[in-house]
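Student: Chain residues, written in single-letter form:
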Amino acid sequence: MAYSEKLIEHYENPRNVGTLDKGDTSVGTGLVGAPACGDVMKLQIKVGPDGRIEDAKFKTFGCGSAIASSSLATEWVKGKTLDEAEQIKNTMIAQHLSLPPVKIHCSVLAEDAIKAAIRDYREKHGNRPAEQAAE
Amino acid sequence: MKGVYEMSSLQEMKIAADGQNRPKTPIYLDYQATTPTDPRVVEAMLPYFTTHFGNPHSRNHSFGWEAEQGVEKARAQVASIIGADEKEIIFTSGATESNNLAIKGVAHFYKGKKNHVITVVTEHKCVLDSCRHLELEGFEVTYLPVQQNGLIDLEKLKAAIRPDTCIVSVMAVNNEIGVIQPLAEIGKICRAAKVYFHTDAAQAVGKIPLNVEEMNIDMMSISGHKLYGPKGVGALYVRRKPRVRLEALIHGGGQERGMRSGTLPTPLCVGLGEACAIAQREMGAEAERLKALRDRFYDKIREQLPEVYLNGDLESRIPGNLNLSFAYVEGEGLMMGIKDLAVSSGSACTSASLEPSYVLRALGVEEELAHTSLRIGLGRFTTEQDVDYAVEHIVQSVQRLRSMSPLWEMAQEGIDIKSIQWAEH
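Chains as they are written, first to last, in the working numbering: chain A, 83 to 217; chain B, 133 to 557.
Among the hints, a few may not be true.
Now the stretches of chain B that chain A is said to cover, found in silico as 3 or more residues with beta-carbon under 8 Å [what the hints assert, rightly or not]:
(1) 339-349
(2) 499-508
(3) 542-555
Not close to chain B: a few residues of chain A, all C-beta gaps over 12 Å, as computed [stated by the list, open to error]:
(4) D106
(5) T107
(6) K124
(7) G133
(8) D137
(9) K141
(10) T173
(11) H178
(12) D194
(13) R204
(14) N209
(15) R210
No wet-lab data here; the hints were simulated from the structure.
Even glycine gets a Cβ: it sits at the ideal position worked out from N, Cα and C.
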């Protein structure tokens, strides 16, 4: 399969690989996908006192497109508020990486991972707005 | 001509231009997908494109006779490697056609009297699809399961044979996991039950000794390009005593004893024959060399990486195949990291269907492990340097991808992945 240069670059030099302390109240963790389906993404965000995502980390089991999609997702969420990060759509990821049609599900999974991480963070804070939750 | 096609040229080409003793990349490790045509085979074929170009079926001039001689010599060479008579060899376009002809041909001939076919779940798609097609026509098909090692249970075969069974089709060697089915035992069972035994031997001919008499095989499919011959040619062995009756798929001038019409592609037939002759001479030494390389590969991988699982039996296996699951690392993601190596994967991501390998699933390999499998095929032109280079790169890539794998992380923390409620998608 022919992949775009951007995709290969993300696969070879993935951004933000790692793990944040999921017990930390400022951290939200999303774990999506399934081993039996061949891809699992774990995406974590750390929300700063200003309500913006100050750090993001990922680990992914999956094909090159899945790894690149999650790497890009962590890059994009950094510096955004939760509401802004929620606006990231799979189509934007797919377009940026020029994903071939059979790999669109990888970008869907990356969007799901962002949403799951945000949901986890919000649940930890009783679903209060992020600015208050971070205080 | 000599010099261009000398045996050593392929090996020499592998030495990198910088003169270092590093193999030339990419390295081909996909010998079960196809093999390069042996330069000696190409050399034998060449005159039949230009000087001996006659139609082998032309009876009235020397051009036809020369071509016919080439074809008949090839027929004898193909027969010889499987212990058959040359009159029992039908040239086809490849193993897919041979399998179609054997299974549909016999079934169609006996339709109405014998409507039952037996095959195995791990067969090649062309066998399974031929059987599906027969089901649509009203035949009944039994798909035998395989054991965890990939081999069929002979008792299950015995139990499946019915008075109306016309053919049993069991592959000699599996294309994904390289396991060798117990052909002689299957042949004995089929002969005793008076049922035709067909075997798809595309991956077996030239790799393991085969004898249609000793193994009671009634039909055997052979492929050119899996044994260092050209693509586009194959053969079907059809027993004459006791005679196997089958209906042709391709009708026309009545060539190949009416079983397969069409002008024979002389150069391709000659190539298949030469490939068989070379394989017959060199099989023993080649198998020994490949087994040593295979063991070196497997041992080095296991020394350096935990949680690597071999799919399929190790003992009853051709020497040139390894099928390994690298737990917690998805197969296509891994292949992207080892782009200097041409291998193939049982992962869903490499197929159009998004389902992991049906062969691995049939062995009972869990889906998550099936997604992590690589098929590594070694062959005639694989060197020790190739193996060492490949191992080094696979190990590096697996280690890197495991460090990025959430499943590996969970496993290290002692979390049972099966205890997690995954959302299937």
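Student: Which hints, by number, does the structure contradict?
Tutor: 1, 6, 9 and 12
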